[in-house]
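The listed protein sequences derive, respectively, from chains A and B. Reading the first sequence from the start, the letters are residues 374 to 1078 in the working numbering. Reading the second sequence from the start, the letters are residues 8 to 218 in the working numbering.
Any given hint could be a false lead.
To be verified - Derived contacts from chain B toward chain A, CB cut-off under 8 Å, selection only:
{"id": "1", "residue": "Arg45"}
{"id": "2", "residue": "Asp199"}
{"id": "3", "residue": "Leu211"}
No wet-lab data here; the hints were simulated from the structure. Note that the structure is a prediction, hence the values are computed from the model and not measured. Heads up, the beta-carbon is just placed ideally off N, CA and C, and yes, glycines get one too.
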Amino acid sequence: MATAIRTEAGPAREHADRTASTTCGYCGVGCRLETTAVDGRIVSIRPALDGPANEGHTCLKGRFAHGFTRSPDRLRTPLIRTDGELRPASWEEALEVIVAELGRIKGEHGSDAIAGLASSRATNEDCYAMARMIRAAVGTNNIDNCSRVCHSPTSFAMRKAFGLSGATGSFTDIDHAEVAVLMGVNPTQGHPVVGARIKQAALRGCKLVTIDPRRIELADYGAIHLAPRPGTNAAVVLGLCHVVRREGLVDADFIAARTEGYEALEELLEGYDPAAVEEISGVPAGRLEAAARLYGEAASASLLWGLGVTEHKYGSEVVQLLCDLALMTGKVGKPGSALLPLRGQNNVQGSSDMGALPDTYPAYRSVEDPETADLFEAAWGAPLSRHKGLTIPQMFDAAVAGELKAMYIFGEDVAQTDPDTAHVAAALENLEFLVCQEIFENETTKFADVVLPASAFLEKEGTFINAERRFQVVEPAIDPPGEARTDFEIIGEVSRRLGHDFGWETPWDALDEVARLTPHYAGVSRERLGRHGLQWPVRPDGSDSPTLYDAVFDRPGGRGHFAALPYKAPGDAADQEFPLVLVTGRILQHYNAGTMTRRTGNAELVDRDLLEVHPLDAERLWISDGDKVSVRSRVGRIEVEAKVTDRIEPGHVFTTFHFPETRTNLLIGQSADVNTSCPEYKVVAVDVRPIGEQAAFTPVVPDLD
Amino acid sequence: MTKVTVDGVAVEVAPGATLLDAAKAAERWVPTVCFDERQAPFGACRVCLVGVSGAPKPLPACTTLCRDGMEIETEEPRARRVARAVVELVLSELPEPPAPRTELAQVAERLEVGEPRWGGATHAGEDDFRHPYLAFRHQLCISCGRCVRACDEVQGAFALTATGRGFEANVAAGLDAGFEDSTCVSCGACADTCPTDAITEMGLVRQSGRD
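Bound conformation, chain A alone (with noise of 0.2 Å):
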């Protein structure tokens, strides 16, 4: 069976000084890397002087932080959870304590009692296995993964304005433009090579509109900057749609040819004059203006965001209101004007790609759609069931409601990254089987029953797809550690196991079925991916897309379709009692859960979490740089540093999450996107105070008595 778990460590698997071309497995951005390993462990990893999103550049994540792949902590057997305590066990036993467990709870409860998550972090092929494991073997769509939490909002309004989940053009379209704007996303942080590649288009004479609540460092080479207060971002675009609308900055032609729904989104801009924007957001109306004036008059313009717009309660509303910005101005599907956002993790574009989402399979069709159901019904030969599964929040409420009773999460660590800390921790207290697929023991781990190792981008073959819909190769530049095994092995064998057989060999057995099953990716083959990839929707005869919508737009009749959302508050807000705003995020040295880089010398550059607080509102709560502070929020409270500085606003404070000793996801509640249920960790309302020092001097009080 060449699918089948190997048990022992085969015959000298490590070679010297083995070299591959592969691709990075931290931000979305998807830079090609070379790398070179000597006796097994990773010497150097170079940038590919031809990647198409990199151009011979990278960050000091994907050049640097790869130790961790050797870290002495890596998971190197699988464990059981054996009187309370993980245990190590042998693959055979852990793999039919799955499958009895799995089984058993089918029987009991049925399907839909069982859940899995897939990885954004994974390639398509672990995740499109993950799913159809899911779907075929266990029989529900109760299968999500975690761009369910960052960019779910993007996707779904892209589809509903474009029609596509996907940015509109690719990177290079930074270079063309003559105005880039920048909404709720810090590229020199977040995504380094194309934070670099925005700064040296600045460098050259692009003009940069940056619209977040801190100043971030590319605003500091940019025309404008935006301060809006977090959650207003709906009035801000409406807002800049009012000026460019009012100032004859329309293309009216591409309205009339291209576009459709205009004239609603006109009458509902009357209420968004800059003053009432300004009343909303604290936006100054000059300023407002002279940003829409850049972005109107400019030949061509491209706008990108992140998850500052995404992650909120209205997030998915407010891509849509920056879609209709683009589409009333013509500048969508043209050089240098593209939409771009930018994504978060390595293959969040990918698994959500793939179908690993309780409601779409590949390309996102509908599980509802009995003729996409009947296709992979036929192609996998198994029953499939034709409703909506849930979502990665409404799988931890059916936890704790009893209604789910099993997990099988791979290459996710919710109970650090999820909202809600202590919500997700009681929906996984509660669940009675739950399995975890990871590279190291983590937060969510101290809940599982059984553990598999699993393997790091840098030890599996596949590809990714990055943020401009860039199919790419994915090399091991290693062999996974001790008895770890790839993911795709991994989820084969159990599937196996379940009953159901993919039937593949390698991942590239994978890919061509999903090719072969997803007219959108019909082209794709490892051969014709070479090493430039390839941006879907990639034709049967191999050609691929850039740019999307040059001419027509991908939903019934062609159209692009405006949207009319007003503005609406926020999920929380600061009161008197939460008198401060929490904006959460990530910084350039660490990534996300910091599984990987805290295990790397990143952490010797940054080794701790640090809560920004304007100098003013320091000053207020008697709080100096350094010193330890109480964060509280409606729903939790955690302790962390501050750092004093003026890059953020008044009344707001800014901290990450990179460290599971700083839990600052348990100040997050459940306020979450109304379409996509995103979370809303951008607005948080929060209590900031200094914690008492023991005082150095006492002074007995004399007894009086």
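Given the structure of chain A, go ahead and fit chain B onto it with the hints provided.
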């Protein structure tokens, strides 16, 4: 398009292309030391000299633009003599030969420049291994400027700067207090472009210690 010949091979290049671009199009090798395709041409090292028909002397291929009808000779004797002499002089200033995998060592090998004939002073300087990933080995700096330009033109961190004059010329991060106390973002573009290991990766330093 501009039509030129390189060692007799006819190629067409886009307007604004350099002699070096034309040589690449014709698949002819031209030695370079201060050139990196990720950066604007610098024209400092004079190793990329080539002969051009009608020109009174060899021309730097990296900064000279093609004109219609140019006949380029990559191995023009005087150009090659100068290139070899430059590489030999650069090598003679280093206290130890550059590691075989470095670009300078590879150019020297291909130009058949052996042990430098000139003794005398070599660069002094200390290893700086304070950063977790990036190492300075100042004694290997040949002042080609590639690291400074990578930092400026590729990353945009502006952390590196040329220091000293003449034989003392070198490179420093920020106010010469090391990478961590500068605006460095640890991207490693400097180490990636350095042709001698004057800036290199700690991983490679440790590996060579193991070899």
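Given Arg45(B) as an interface hint, is the shortest Cβ-Cβ distance to chain A below 8 Å? With a minimum Cβ separation of about 5 Å from chain A (threshold 8 Å), the hint on Arg45(B) holds.
Is the interface hint satisfied for Leu211(B)? The criterion is a beta-carbon contact with chain A at less than 8 Å. The hint holds - Leu211(B) has a Cβ within 8 Å of chain A, the shortest such distance being about 6 Å.
Does the interface hint hold: is Asp199(B) within less than 8 Å of chain A, judged Cβ to Cβ? At 6 Å from the nearest chain A Cβ, Asp199(B) passes the 8 Å test, so the hint holds.
Consistency note: the structure conflicts with none of the earlier hints.
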